[in-house]
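S.K.: If you want the building blocks of each chain, they are given just below.
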Amino acid sequence: MLDVLIPHYNDAAALDMTLQSIEAQSWKGKLRAIVMDDGSDKEELAHAEKVILNSALKIEFMKSPENRGRPVTRNKLLAAADARFIAWLDAGDVWYKHKLQDQFNTIYQCVYAGEDLNRIWVTCNYDWQWMGRKRRKVTQTTSGDQLKNLFVGDRLRAYLWTLLGTRESFNLVGGFDERLPRLQDLDYFISFVRGGGRLVNTGQSEPLCCYFKSDVGRNAQEIRDCYDTIFNKHGPALGRYGHGFRRRSHAKADFVAARFAENNKRPLMALKFWLQAFGSDPRYALYRTKTSLQKG
Amino acid sequence: MELILVIGDSSLLLPRYITIPELHEFLPEQAVVFEMPWYSRTAGRYYHERLLEFEADRRLEAASLALEVESSGDHWPVLIFPSALDSQVMAERVAAMLRQMKTHLGSRRLTVHPYRVTMTDMAAITEPPAHFAVFQTLRNEEIVISDLSSIRLTPASPNIPGSMAANQWASGNLSSFCKHLERRGLSPESHDRAISLLAERHAFMSKSGMRPSMMNPDKLLESLADIYVNKFCGLSG
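For the protein sequence lines, the chains are S and Z, in the order given. Just so we're aligned, residue 1 is where the first sequence starts under UniProt numbering, counting upward by one. Just so we're aligned, residue 1 is where the second sequence starts under UniProt numbering, counting upward by one.
Bound conformation, chain Z alone (with noise of 0.2 Å):
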C-alpha cells in the first residue's frame, strides 16, 4: 500500500484554497485525495489536520480502515497536511498519526513517499522538507519509512492552478502589505482577509493578461494597499 503525504504551505493547501480537482492537477495518476466521510461537505473532508487530533476518539481507527479499504494497487490515498512544515509540533504529530494508524492497518507494509508542494515563481516541486528528519523515528517500526533524502520527487505538471499561484504569491507578500497599510495608518483586520484579498487581485490580474509575479512588488503592493483603503475604509481620494 503506498500512501502519499502532501506536506505543505497552510496558505496553499487549506480546503478553501484549492479544490481536490485542483490538487489532483500535480499528483501522480494514481493520486486520489483520501475523503473522510464522517465530516460534512462543507467542514471540508479533505482537511487532513483534523486526524491530528486524535484524543480519545475514533478518527484514525476510521481513517485506517478507510485508507486500507479505499487504497489498491492502481489508488494510492494522499493524505495532506498544510502545517506540518510550519512547526516541529505538527510534523512530530504526523509522525504519531503513522504510528497509530500502523496499528489499524495490520502488519502490512506502509511506504510514506513524502511530497513538498511549494511554489516559485511558477515552478514546480522543490526539494524535501528540513522536517523530514522527525519521520526517521519510524524506520524501525512495521511502517516502512523510505529513505527521505534520497526520494525522487516528481515533478509538478506545468499546469499549476492558478488560485494556488495567487495564494502562494499572496502568502509571500502578505508582511510587505501590512507595512503599506500601517503605513496609511492601518491594519488589517486579519491576515486571511488580507491574503484572500492579494490573492483575488493576483488571480484578477492574471485573468486580464498581466503577470504579477513578474512585477515590481513594491510599487504594486502600494497601489493594492490604496485600493484596500479605498475600498474599505473610505478614506483614501
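Bound conformation, chain S alone (with noise of 0.2 Å):
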C-alpha cells in the first residue's frame, strides 16, 4: 500500500535513525521501505547492511555499484517503487510520529472533497535542524500561486521527503532531471504545480517531520549552476512573472550560493555570488545586505 523510498550514501548511521523514525509512525498501514545505496565504501556498505537486518521494517535493498549521484538514485527508487502510495525520506533526516497518519488523514479529505490524487501531494510542516543550532519550525504554504512560490523559495520549499502522495502522481511527473546533482526537488516539484498538479498541506500546524541540513562539503558553483539549469528548463513559467521576478530569482540563487560558499570556507566565492546578486537585482541585494547587519 505504501512504498518509502530512501537514497542512502555513505551514512548508515543516519539510515539506522531514519528507519527508526519509520518504525515509530502511529499510521499502521502496509509499509515497504526500499533503501537503495548509491556506491558507499565498503565498510559504510556493511554497516547499512546490518541495519537493514537489524530493522523491523519491511525492507527491500538495492545496491548501485558505483556512486551515481541522487537523481539517478531517486529514478531507480522510483521504478522500484510498485505500492499505491508513495512517501520518500532521504538517510539522515526523521518523520514525527503522526506523519503519515496525518497525510493520509488528508488524503482522505481530499477524495471526500472530489480530488483527483494523482493530482496532488500532501506535504507538511517540519522542523528545520542546522547542525549546531535551535530546532526552527518552517511552514509550508500551499494557498497562492504555487509555482510562483516555489520559485521564490520562502513560503513554499521543495522538499520530497515532507510528501505522501500516489505513485502514479509521482510517475506523471516523469523522472529527475539527471543533470542536476543538486536541487532536483525544487526541479521535480516545478514539473508537478506546471503539469497541473497542486500540493495539499494537512491542516496541522505542528511539524511531521525533521530535516538535518548541512552545508559543510557542498560545492556553492555546483549549486547555482543547478539554479541555472532549472531556470533555463523552466523559462517560460519563470518568464510567466516578468523580468523584476526573474532578476529577483537570480539574486536570491546568488544568496544560497553564497551561503554554500561561506559555510564552506570559500570566502572569494562567496563574495563572487554577493557581487552578482549586486548585478543582478541591487535592491533585493542591499536589502539582504542590510538584514545580514541586523542580524550580526
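Derived from the structure by calculation, the hints contain no laboratory data. Idealized CB from N, CA, C, for every residue including glycine. Warning: the hint list may mix true and false statements.
To be verified - From chain Z, some residues computed to sit far from chain S (all C-beta separations above 10 Å):
id	residue
1	LEU3
2	THR19
3	LEU52
4	GLU70
5	GLN100
6	SER171
7	GLY185
8	ALA203
Stated by the list, open to error - Restraint-style ranges between C-beta atoms, simulated for each label pair:
id	chain 1	residue 1	chain 2	residue 2	range
9	S	THR289	Z	PRO21	53 to 63 Å
10	Z	GLU25	S	ASP82	51 to 61 Å
11	Z	ASP74	S	GLY132	32 to 42 Å
12	Z	GLU22	S	LYS97	20 to 30 Å
13	Z	ARG16	S	VAL138	33 to 43 Å
14	Z	GLU53	S	VAL216	55 to 65 Å
15	Z	ARG50	S	GLU168	28 to 38 Å
16	Z	PRO28	S	GLU60	23 to 33 Å
Using the hints, put the two chains back together into the complex; each one sits in its own frame.
M.R.: Given below as C-alpha cells:
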C-alpha cells in the first residue's frame, strides 16, 4: 500500500535513525521501505546492511556498484516502487510519529472533496535543524500561486521527504533530471505544478518531520549551476512573472550559493556570488545585506 | 482484509456514550476503530452510521480507501452501527453500504465478522442478532459474508466499561422511569436526557460501592423520579 523510498550514501548511522522514525509511525497500514545504496564505501555499506537486517521494517535493499548521484538513485527507487502510495525520506532525516497518519487523513479528505488523487501531493510543516543550532519550524504555505512560491522558495519549499502521494502522481512528473546533482527536488516540484499538480498541506500546524541541514562539503558553484539549469528549463514559467521576478530569482540563487560558499570557508567565492546578486537585483541585494547586518 | 462490524444498542454505542478506548476493551486485540478524518472530532469521527447517508457524495469512496489503506494483516478496521439492530431499514442500509463499498475495495475478499454487543447483567456478547439474515443477500457478491448463524462470537472481556453498563441499565429502565414521572404529573423533556440522568445515577451508585443492577428496580426508580422532580422542577418536599 505504501512504499517509502530512501536513497543512502555513506551514512549508515543516519540510515538507522531514519528507519527508526519510520518504525515509530502511528500509521499502521502496509508499508515497505526501499533503500538504495548509491555506491557507499565498503565499510559503510556493510554497516548499512547490518542496520537493515536489524530493522523490524519490511525492507527491500538495492545497491549500485558505483556512486551515480541522487537523481539517478531516486529514479531507480521510483522504478522499483509498486505500491499505490509513495513517500520519500532521505537517510539522515526523520519523520515524527504522526506524519503518515496525518497525511493519509488529508488524502481521505481530498477524496471526500472530490479531488483527483493523482494530481495532488500532500506536504507538511517541518522542523529545520541546522547542525549546532536550535530547531525551527518551517511552515509550508500551499495557498496562493504555488509555482511562484516555489521559485521564490520562502513560503513553499521543495523537499521530497515532506510528501505523500500516489505512485501515479509521481510517475506523471517523469523522472528526476539527472543533470541536476543538487536541487532536483525543486525541479521536480516545479514540473509537477506546471503539469497541473497541486500541493496540499495537512492542516496540522505542528511540524511532522525534521530536516537535518548542513552546507558542509557542498559545492556552491554546483548549486548555482543547478539553479541556472532549472531557470532555463522552466524559463517560460519563470518569465510569466516578469523581468523583475526573474532578476529577483537569480539574485536569490546567488545568495544561496554565497551561503554555501561561506559555510565551506570559501570567502572569495561567496563574495563573487554577492556581487553577482548586486548585479542582478541591487535593491534586493541591499535589503538582504541590511537584514544580514542587523542579525549580526 | 477483515472488517469488524459492531452492531448494537444505540443507547450504548453512540459516540456520546462510549469512547474509543472503552470500545477497544471488548474488541479483539487486532481491532482498530476506524475514524473518518473528514469529520471534525466533535462530530464523532467514528459515528459510522453517517456512512449510511450516502446519497450523491463521496463518503463511501473516501471510507473505502481509508479502510483499505489503514488495514493490514495485523489490524482490522471496526465499523460501528448503533441502530442497525433497531430497524430493518438500517440493517438493509448496512448491507447496501457493504455492496457499494465493494466496488471501491477492488477484488479483495472481504469477510464480515459481525459482533453483537449487548449487556446483560454485566455479562458479555450474546447470541447473533436476528437481522443478520439481511447480510445473506451479499453471499453471491465478491464480498464474502461468513455463515452468520455459525459465527463463533469472541467473548468480551469481563472488564466492561462502567459507562456502558450504566447506559444499558438506563436504557432498560427508561419506560418504568417515565411511568414514575408521569405519576408525578411530569414527562421528561427528552428520552436522551432521562437516559443521561439514569446513567449518571447508576455510575454514581456503582462508584459508591452499591450495585444498582441487583437492587429492586421499582423502588430505585421511584426514588430517582423524586430526585428528578426535586432537582429539575422544585416540586417535591
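S.K.: Next step is simple, just say for each hint if it's right about the structure.
M.R.: How the hints compare with the structure:
no.: 1; hint: LEU3; in the structure: 15 Å, holds
no.: 2; hint: THR19; in the structure: 18 Å, holds
no.: 3; hint: LEU52; in the structure: 16 Å, holds
no.: 4; hint: GLU70; in the structure: 5 Å, violated
no.: 5; hint: GLN100; in the structure: 15 Å, holds
no.: 6; hint: SER171; in the structure: 33 Å, holds
no.: 7; hint: GLY185; in the structure: 49 Å, holds
no.: 8; hint: ALA203; in the structure: 31 Å, holds
no.: 9; hint: THR289(S) / PRO21(Z): 53 to 63 Å; in the structure: 57 Å, holds
no.: 10; hint: GLU25(Z) / ASP82(S): 51 to 61 Å; in the structure: 39 Å, violated
no.: 11; hint: ASP74(Z) / GLY132(S): 32 to 42 Å; in the structure: 41 Å, holds
no.: 12; hint: GLU22(Z) / LYS97(S): 20 to 30 Å; in the structure: 23 Å, holds
no.: 13; hint: ARG16(Z) / VAL138(S): 33 to 43 Å; in the structure: 39 Å, holds
no.: 14; hint: GLU53(Z) / VAL216(S): 55 to 65 Å; in the structure: 58 Å, holds
no.: 15; hint: ARG50(Z) / GLU168(S): 28 to 38 Å; in the structure: 29 Å, holds
no.: 16; hint: PRO28(Z) / GLU60(S): 23 to 33 Å; in the structure: 31 Å, holds
When held up to the earlier numbered hints, the structure conflicts with 4, 10 and fits the remainder.
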